[in-house]
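Just so you know, the numbering used here puts 56 at position 56 of the sequence shown, and the rest follows in order with no gaps.
Hints are computed from structural coordinates only; laboratory data are not their basis.
The structure presented is a predicted model; accordingly, all values stated were derived computationally and were not measured.
Glycine included, every Cβ here is placed at the ideal spot set by N, Cα and C.
One thing to keep in mind: the hints can contain errors.
What the hints assert, rightly or not - DEER-style ranges, computed between Cβ atoms:
#1 ILE59 x PRO36: 14 to 20 angstroms
#2 GLU35 x PRO61: 17 to 23 angstroms
#3 PRO61 x ASP34: 14 to 20 angstroms
#4 ARG56 x LYS18: 17 to 23 angstroms
#5 ALA38 x ILE83: 16 to 22 angstroms
#6 LYS62 x ASP34: 23 to 29 angstroms
#7 ASN51 x SER84: 15 to 21 angstroms
#8 ASP34 x SER60: 26 to 32 angstroms
#9 LYS62 x THR87: 15 to 21 angstroms
#10 LYS18 x PRO61: 28 to 34 angstroms
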Amino acid sequence: MSNKHLRLIKCSGDKLEKIEPNIVDWARQNESPDEPIAVTVKVAEDGYIPNFVNLRAQISPKLFTATVTETDLHRLEADPRVISLGTPRRLHATI
């Protein structure tokens, strides 16, 4: 059995409370807040997708994946129709 290391997500500003706990590689956390992040979003209303996110895939009527920025994570956190956010993952930039 291999040892696994847990890394804490360091977010600027207020704590994000809707993010579900999970093991994550947030090694690139010091990058620009405008860098793309992939996140899974669970919402309270069927078909609801906030207009500021870029839809990646619709998993079910209340669950989808999206590409967002760090600023968008805070907007999702404040949205009362968002139930939870899966652990955000920085997307690799294409060269």
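Here's how the hints hold up against the structure:
Distance hint check for ILE59 and PRO36: the Cβ-Cβ separation is about 19 angstroms, which falls inside the suggested range of 14 to 20 angstroms. A hinted range of 17 to 23 angstroms for the beta carbons of GLU35 and PRO61 is inconsistent with their spacing of about 29 angstroms. Between PRO61 and ASP34, the C-beta spacing of about 30 angstroms breaks the proposed range 14 to 20 angstroms. At about 18 angstroms, the beta-carbon gap between ARG56 and LYS18 stays in the expected band of 17 to 23 angstroms.
Remark: the range hint 16 to 22 angstroms for ALA38 to ILE83 is upheld by a beta-carbon distance near 18 angstroms. Evaluation of the 23 to 29 angstroms hint for LYS62 and ASP34 yields a pass: the beta carbon distance comes to about 28 angstroms. Range check, ASN51 to SER84: Cβ separation about 20 angstroms, and the 15 to 21 angstroms hint holds. Between ASP34 and SER60 the Cβ separation comes to about 29 angstroms, which falls inside the hinted range of 26 to 32 angstroms.
For the pair LYS62 and THR87, the beta carbons lie near 18 angstroms from each other, so the given range of 15 to 21 angstroms is met. At roughly 19 angstroms, the beta carbons of LYS18 and PRO61 sit outside the given window of 28 to 34 angstroms.
Hints 2, 3, 10 from the list above are not met by this structure, while the remaining hints are.
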